[in-house]
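So you can see what is in the structure, the chains are spelled out below.
There are 2 protein chains.
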Amino acid sequence: MKCRMCGGKAVIKLPAHNIGLCSECLILFLRRRVERTIKRLRLLSPGEKILVAISGGKDSLSLWDLLLELGYEAEGLYIDLGIGDYSQKSEEKAVGFAQKRGVGLQIVRVKEHFRGLGIPEIARRAGRAPCSVCGLVKRYLMNQAGKKGGFDVIATGHNLDDEVSFLLSNLLSWQRESLARQAPSLPDRQSLLRKVKPLVLCSEREMAAYAFVRGIDYILDECPYSQGSTSLRYKSVLNKLEEHSPGTKLHFYQGFLKNRSLLKMTGEEPELHPCEGCGYLTPAQICSFCRLRERVLQKV
Amino acid sequence: MKCRMCGGKAVIKLPAHNIGLCSECLILFLRRRVERTIKRLRLLSPGEKILVAISGGKDSLSLWDLLLELGYEAEGLYIDLGIGDYSQKSEEKAVGFAQKRGVGLQIVRVKEHFRGLGIPEIARRAGRAPCSVCGLVKRYLMNQAGKKGGFDVIATGHNLDDEVSFLLSNLLSWQRESLARQAPSLPDRQSLLRKVKPLVLCSEREMAAYAFVRGIDYILDECPYSQGSTSLRYKSVLNKLEEHSPGTKLHFYQGFLKNRSLLKMTGEEPELHPCEGCGYLTPAQICSFCRLRERVLQKV
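As given, the protein sequences belong to chains A and B, one line each in that order. By this note's numbering, the letter at position 12 of the first sequence is numbered 278, and the numbering carries on one by one without gaps. By this note's numbering, the letter at position 226 of the second sequence is numbered 492, and the numbering carries on one by one without gaps.
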């Protein structure tokens, strides 16, 4: 198979785009794709100070790499979730990338906010699933770090597979509020920094290939709590459909972007007020982070 | 396991409803379910003359049985598609049911409308997939028979699995026109008879169990052209999700019914005019049935 762009020997086939590419052109292809995603979906403006949420995995590190290559001022934020070995290894990858590239990396530790407790212990004490607690805590700490550091926007490495599995889950249960919030760009509102997802049109497989050809050293392990998660089930189901009809995921997501406003799924978000505890915007009196902290720390 | 309704020995477990039922109560349960579906979705009124589209399979024969049991005046329509052995066996089942129950069954033969050609030959000559040609021809002949016979409404045996697989397919590709047309009840419009689907809230498995306990003799073979069809792929994917979260299909479909109007997916249908050839309503000048006939018969 020949590379569609340079005619050289292709090393990867991208069935969704019906092309093969060599390593060099794959990098160019994905860089252009992300550049266009940013432009068309108006995700970032030149000169903005970006905080990239880094997990140590292929998506977030590749995103950081891509943003730097595209000339953006992008600093990293690593949140230490306190999930034993997994968190330690992830941190090493994040630190390794930052050192190699000579870019800034902030580290925030969940344990410092929860008197020595990590996500697994917090979840246990709260009687909630680790993934739900983790999402809540990450969103909060990410926003806090971004605000404190004077950043304009937070960028996360959510890829096409993440987005379509979330979309499918939301559509199967008709979670209209979640559908309304599911966007490649969430605007800033008072205490909430703007959030963008520049990789929404790049598949998981494409990002793994990008990280590989760019020599990015990332953590291969999945989070130990992700096993058997519903999002993995939705991903596997969508992969099955994609296998038979390449491009299914991309069309599904692009169709969603196109029809979002038509379907009036926007503007359905609940009204937000500053939390009485910390000032973070919330639909309740006390935000869910403060409520979680209070509940969990009472028991310490 | 005990029957939830009578306390006797259950013979079937319905995980989506989290109950087990004995044979007798399964019949009652599904009869009530269909009765409520008809009432809540306003599908039929007492005294209406119903034409039931009969394929010879479990769904259509069970629907016919259910409508008769519920006291409706329901005649059958069998369309002989001209698919060799499969069509012959199907017809025997349809005729067998009608004779056993002493109810009227009309038989319409595709070959009589296409100078001796059945669906496989029509599809080949038209250069189209058999399923797409079959759907078109069946819709047309069904409507024609209903109109000629002075019926008020056509009832089809589409079950929950059929509807959610179609819904998933429509959502994955954001077919808004198809979504707008996907309803348990399509109103009548001039030349188009009203169509209803009273089994939309009953799963394929429930209908198979109903046919079994009611002793309905139906054709077990699937249509030879359905193998590898996309709808079977969507069904298998949804079955996988249902297995992990019983009730997924039902919530998906009920959520769709609830959100259809909110999402403004209604009112998106194209404008229809009478076909210049036959008077059937169509968005074009000549309806697709007349165009198909013309194209195929030119080559005979």
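These are calculated hints, taken from the structure and not from any lab test. You may find that some hints are simply not true.
It does not matter which identical chain is meant; a pair holds if it fits inside one copy or across any two.
Here are the computed lysine to any residue pairs in the SDA-like style, where the Cα-Cα straight-line distance is at most 25 Å [what the hints assert, rightly or not]:
{"no.": "1", "residue 1": "Lys268", "residue 2": "Tyr352"}
{"no.": "2", "residue 1": "Lys279", "residue 2": "Glu443"}
{"no.": "3", "residue 1": "Lys506", "residue 2": "Thr496"}
{"no.": "4", "residue 1": "Lys315", "residue 2": "Lys355"}
{"no.": "5", "residue 1": "Lys501", "residue 2": "Asp428"}
{"no.": "6", "residue 1": "Lys268", "residue 2": "Leu458"}
{"no.": "7", "residue 1": "Lys506", "residue 2": "Leu516"}
{"no.": "8", "residue 1": "Lys305", "residue 2": "Trp440"}
{"no.": "9", "residue 1": "Lys366", "residue 2": "Glu314"}
{"no.": "10", "residue 1": "Lys377", "residue 2": "Arg367"}
{"no.": "11", "residue 1": "Lys305", "residue 2": "Arg391"}
{"no.": "12", "residue 1": "Lys279", "residue 2": "Thr496"}
{"no.": "13", "residue 1": "Lys506", "residue 2": "His517"}
{"no.": "14", "residue 1": "Lys506", "residue 2": "Glu301"}
{"no.": "15", "residue 1": "Lys506", "residue 2": "Ala395"}
{"no.": "16", "residue 1": "Lys524", "residue 2": "Arg367"}
Now for the hints, and whether the structure bears them out:
1. Lys268 x Tyr352: Neither. Shortest intra-copy (39 Å) and inter-copy (46 Å) distances fail the 25 Å Cα cut-off.
2. Lys279 x Glu443: Classified as neither; 37 Å inside a copy, 34 Å across copies.
3. Lys506 x Thr496: Answer is both: 15 Å inside a copy and 12 Å across each meet the 25 Å cutoff.
4. Lys315 x Lys355: neither (27 Å within a copy, 71 Å between copies)
5. Lys501 x Asp428: both (8 Å within a copy, 22 Å between copies)
6. Lys268 x Leu458: neither (47 Å within a copy, 53 Å between copies)
7. Lys506 x Leu516: both (14 Å within a copy, 22 Å between copies)
8. Lys305 x Trp440: Classified as between: cross-chain Cα gap 24 Å, same-chain 30 Å, threshold 25 Å.
9. Lys366 x Glu314: Classified as within; 23 Å inside a copy, 77 Å across copies.
10. Lys377 x Arg367: neither (28 Å within a copy, 73 Å between copies)
11. Lys305 x Arg391: Result: close neither inside a copy nor across copies, 44 Å intra and 47 Å inter.
12. Lys279 x Thr496: between (28 Å within a copy, 24 Å between copies)
13. Lys506 x His517: both (15 Å within a copy, 22 Å between copies)
14. Lys506 x Glu301: Neither. Shortest intra-copy (29 Å) and inter-copy (37 Å) distances fail the 25 Å Cα cut-off.
15. Lys506 x Ala395: between (27 Å within a copy, 23 Å between copies)
16. Lys524 x Arg367: neither (37 Å within a copy, 52 Å between copies)
This entry does not satisfy hints 1, 2, 4, 6, 10, 11, 14 and 16, going by the numbered hints stated previously.
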